[in-house]
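Novice: One-letter residues, chain by chain:
There are 4 protein chains.
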Amino acid sequence: MNVRVGVIGVGMIGQDHIRRITQVLTGGSVTAINDVDAARAGQVAAGLPGATTHDTAQDLIADPNVDAVLVASWGPAHEEQVVAAIGAGKPVFCEKPLAPASDACLRIMDAEMAAGRRLVQVGFMRRYDAGYRAMKATLDDGGIGAPLLMHCAHRNPSVPPYGFTTDMIISDSAVHEIDVVRWLFGEEIAAASVLRPRRSGRAAADMQDPLVLLLEMASGVLVDDELFLNAQYGYDVRGEIVGETGTVALADVSEVTVRTANRHGGRVPVDWRDRFIRAYDAELQDWLNALAAGTSAGPSSWDGYAAAAVTDAALEALRTGQRTAVVMPERPEFYAKAT
Amino acid sequence: MNVRVGVIGVGMIGQDHIRRITQVLTGGSVTAINDVDAARAGQVAAGLPGATTHDTAQDLIADPNVDAVLVASWGPAHEEQVVAAIGAGKPVFCEKPLAPASDACLRIMDAEMAAGRRLVQVGFMRRYDAGYRAMKATLDDGGIGAPLLMHCAHRNPSVPPYGFTTDMIISDSAVHEIDVVRWLFGEEIAAASVLRPRRSGRAAADMQDPLVLLLEMASGVLVDDELFLNAQYGYDVRGEIVGETGTVALADVSEVTVRTANRHGGRVPVDWRDRFIRAYDAELQDWLNALAAGTSAGPSSWDGYAAAAVTDAALEALRTGQRTAVVMPERPEFYAKAT
Amino acid sequence: MNVRVGVIGVGMIGQDHIRRITQVLTGGSVTAINDVDAARAGQVAAGLPGATTHDTAQDLIADPNVDAVLVASWGPAHEEQVVAAIGAGKPVFCEKPLAPASDACLRIMDAEMAAGRRLVQVGFMRRYDAGYRAMKATLDDGGIGAPLLMHCAHRNPSVPPYGFTTDMIISDSAVHEIDVVRWLFGEEIAAASVLRPRRSGRAAADMQDPLVLLLEMASGVLVDDELFLNAQYGYDVRGEIVGETGTVALADVSEVTVRTANRHGGRVPVDWRDRFIRAYDAELQDWLNALAAGTSAGPSSWDGYAAAAVTDAALEALRTGQRTAVVMPERPEFYAKAT
Amino acid sequence: MNVRVGVIGVGMIGQDHIRRITQVLTGGSVTAINDVDAARAGQVAAGLPGATTHDTAQDLIADPNVDAVLVASWGPAHEEQVVAAIGAGKPVFCEKPLAPASDACLRIMDAEMAAGRRLVQVGFMRRYDAGYRAMKATLDDGGIGAPLLMHCAHRNPSVPPYGFTTDMIISDSAVHEIDVVRWLFGEEIAAASVLRPRRSGRAAADMQDPLVLLLEMASGVLVDDELFLNAQYGYDVRGEIVGETGTVALADVSEVTVRTANRHGGRVPVDWRDRFIRAYDAELQDWLNALAAGTSAGPSSWDGYAAAAVTDAALEALRTGQRTAVVMPERPEFYAKAT
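From first to last, the protein sequence lines are chains A, B, C and D. This note's numbering numbers the first residue of the first sequence as 42 and each following residue consecutively. This note's numbering numbers the first residue of the second sequence as 42 and each following residue consecutively. This note's numbering numbers the first residue of the third sequence as 42 and each following residue consecutively. This note's numbering numbers the first residue of the fourth sequence as 42 and each following residue consecutively.
Worth double-checking, as some hints may not be accurate.
Any copy, or any two copies together, can satisfy a pair, since identical chains are not distinguished.
[What the hints assert, rightly or not] 25 Å max Cα-Cα, derived DMTMM-like pairs, lysine to aspartate or glutamate:
1. Lys177 to Glu374
2. Lys177 to Asp315
3. Lys131 to Asp100
4. Lys177 to Asp108
5. Lys177 to Glu296
6. Lys177 to Asp312
Hints in this document: simulated from the structure, not taken from any laboratory.
Based on the sequences and whatever the hints tell you, model everything.
Specialist: Now the structure itself:
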């Protein structure tokens, strides 16, 4: 089966997903394009034989040649577009965040529940990374006993000197660990705290970088997450789960070991693409496969909502300096198997 | 573009390539099947909508719905099938060996040169492994200076207790290193010797396992290759190139590090699929991409011939216990850019 | 020169230091023994040709055949014994803690300052570990830029099922990190907090294990220290300093890598002796060398006091759940070069 | 007990042993010095309170204040000095080689057997390295099954541009592996071959560097030993034993892992002192301890002889290009427990 995908938003990430569908993955094609920048939409469509452009997201969603929708527009537009796709009964892959505000996420959930079946997959791609998957398999197999703690680090070499705020360290970077620890441990996050270590002189003047985010899982498992956006030396994502009888950690990802100039060692990835490209591929292939099979897969609207609710608490904790409880309703039965 | 592939031979490896083309890669479909076992051909075709079966390889090659041919039959049939595909002007991917006998490989080369363009890619997939590619990149970038030596090990956990001969350690296992060192160093192999270490008690009674194959490159670079088919502990492929100013080695491929019971460490692959599945994917995607672009890529008929010629020398060295020179003609200009 | 050492307290650690002085190190001998258990003192002395026993610590200190005193008695006795040695003008090596109470440490400092020269070395042996020394060298050489954070883990396989309290996780275990981070960063600790992760079911019923201790250095460097006394899998001390341009971490300490049963990896130490025996050797050799040279070396009374003051704050933080500032006077000029 | 050592030969290695005995180890002192360069002997003695100089090695051996002799003179002088020490009934530690010629080693053995007790320890210090000891323990515990192969590499950053001949790669460098594999496997070496890889342009014009030495153990275990004296990048000694069910390899010896500039990794030692200093310490302490206990330890005269006999065969193999059998008599019962 070939899934005909309509793509809303063809900035960097949208174009990368188009490349993925047309040049890497199997089972999908891109048949329609929409972007707030009509010229950009036209340029991208020009490289895609058979793809048409639409003036509005609504038109794209209504296009009978579109089986499924990929939303890669900017966050504030997500709610309207995802709800419209749900309304049209079309499956939708929505890049993170599902919506910037948690109440918008709740409205998406309501629309999906009203539609009566799962239609939304949220773009939390770390769940598809071979390292995190092996980590979860080790944990689930009982190889290290019950989990007690997790240590994470999320280091970027640098961020642009302006436009990237301290809040964005939580909402754009930490959101990845927020989702992945919910998935790893199969439970919700109960509270968040934020610590402010010594600032790096390499960070912009108004930016508190690094931060340490503390997450308390419902069971008491404690997660510490070092977030360092100007770490200079590379893009480095680390994680170690400490269990009652052992630990499991992400391994380094270098293909070769080099010995020169009195050093031996491997490389550190240069950026998130370098580190997670295969996870992005696997994520979208999983979406296409589920569509072909008529099922749903991957992170759900509930996962998108939960990430937003925890982000809210973490931002509050950043502002106040206080441990902040996460406020969330019970998970609806509809999403029981979602995580 | 969609390349319509006809597959000759649908045993384990043929079926795996079909799975790859239909479920993993982009740009190809399987439209025709042939196998000496017609019932098996029918069963495989039954799972492929739109695929037809052919009584003979010749019929499959002639099928106008076949753009390109994938040969995964047993080795002795390769020559006739590959030559026929060339004769029909259709590109052909041929699993290793190109042909068991080096003179058969020469005849394939003659047919291809007569056809006037490169039509054959041989299935030496290690060239597509991320580890070997990083190793070659390090070497080519001058990171370790001119190469002088290479140490290899090729360990399988076990082979069937009968049917696997000592000769096959050379022809089926070592052939991978024979090809990959030609590619890594960009030069031919001049001579081969075989050493017989202490036998493992785990090997079949009539099998000399392990072996050490010594390969002398034209430049003098010396390659030692430990071949151990009953290594028990896992499937482990190792390699280290020693250059004038440093070394580069394949890294371990474990996704996580586990600490339990007073040990820390990672996993060793269980078999060749586990270790090289991505390389097989990349190899065949490269073939499909080249076909779509109207070009050729990957290991050529010359590479298939050279591997056969070195295998001949290594088998002679195994029989006689003597260093044996590789006998090869000059590489035709036609294949100048092949390696 | 041969330093004649009198040893007060010949329990496990005292006997181990005697073995060290007599069988491993150079430049010292054990000439006098005292223990609250006179029978034990006699037994130990019987194995030491030329060593005499003394009924009291005071007698031992006064013995003209004792050049220097090693205090390995229980903590509450340290103050009186160390002050007496100072009073006699004899150098003293005091096992940690210098004294359980910080005010007792202050009185020792007063006595030493009154004596006019440094006479006390405190037994914080991690400063002599090759790993921590290489870490400090990397930091001091500017190899990772200014330090911002440090992640520590201190894992014991198990502690006795009774008698080991949650407070002792701070006072007996964390005290090692408390000292070593002061030394690594060359600055004092300003505040402490304690987090309570999910309890391990392997810990005694009344014990909160693991804990996470947060230490804020005067400069803002934030240290998190996972303390896990029932980690089962081995004795594992980890540390990573994150600087503005890179990180430096303690490496694993395995001598060999083993590949068996689909795993590759190394060993984890079984206990603190296994991990730190060379550091204990180096520590005491440094003391003997300094005595021979007429100088002083190693952790000072000030370091012993600072560790006690931080321990006080951390225990308060454990009790109250609050971040607790460390209360300390200025470091006297007398100890300016001590750290 | 204090062993009074007389040192014959106070060049670099002799002076290093003196430093070791006087400043690092316990149980020994240096009481007498002899050197062919009387001025150098005097200078060294001047720094050793109580040490006297002797005009001849014979005088030193006869000195009643000398309990045991350490021979660190040049190789051709060893036979006469060691035999003289044996004749005087004094234990002797002889730096490698025991003697350059194997027949000289046999004469030393004859003298020792005539004396009726083991008096000679030869300075093969790798047996005392923590890595090799852990490797042997793994092997002896059956952890990898019966050994079949061993891969070794012995890399120096560089050697002086003149004066270091190709022969010396065998006699001075490979001799370490020659001894250590005899000890690891507990058996003799039956034959040697030498391979000549591509020459490094960094080697002196008349030097074949690197070499590969192949050693066949009596049981058939095959050892390949890459010898590369101008490897530039560091001093790197590698080893991996391949057994029937697993492998054991020397681990890297870096104390810390550093992450900077898109690399992670550790250091490679700069020279043999850096790599093996602890092994030298342990070797000489073992000698002193054995003397104190009235026993003997470590590599024997037989081991010194066997190393010479294998070196003879390897040099012959280097000259002729042929596999060369090692010619050795049966090991005398007197040395039965020596290896």
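Novice: Among the hints numbered above, which are violated by the structure, and what are their numbers in rising order?
Specialist: Of the numbered hints, just 4 does not hold.
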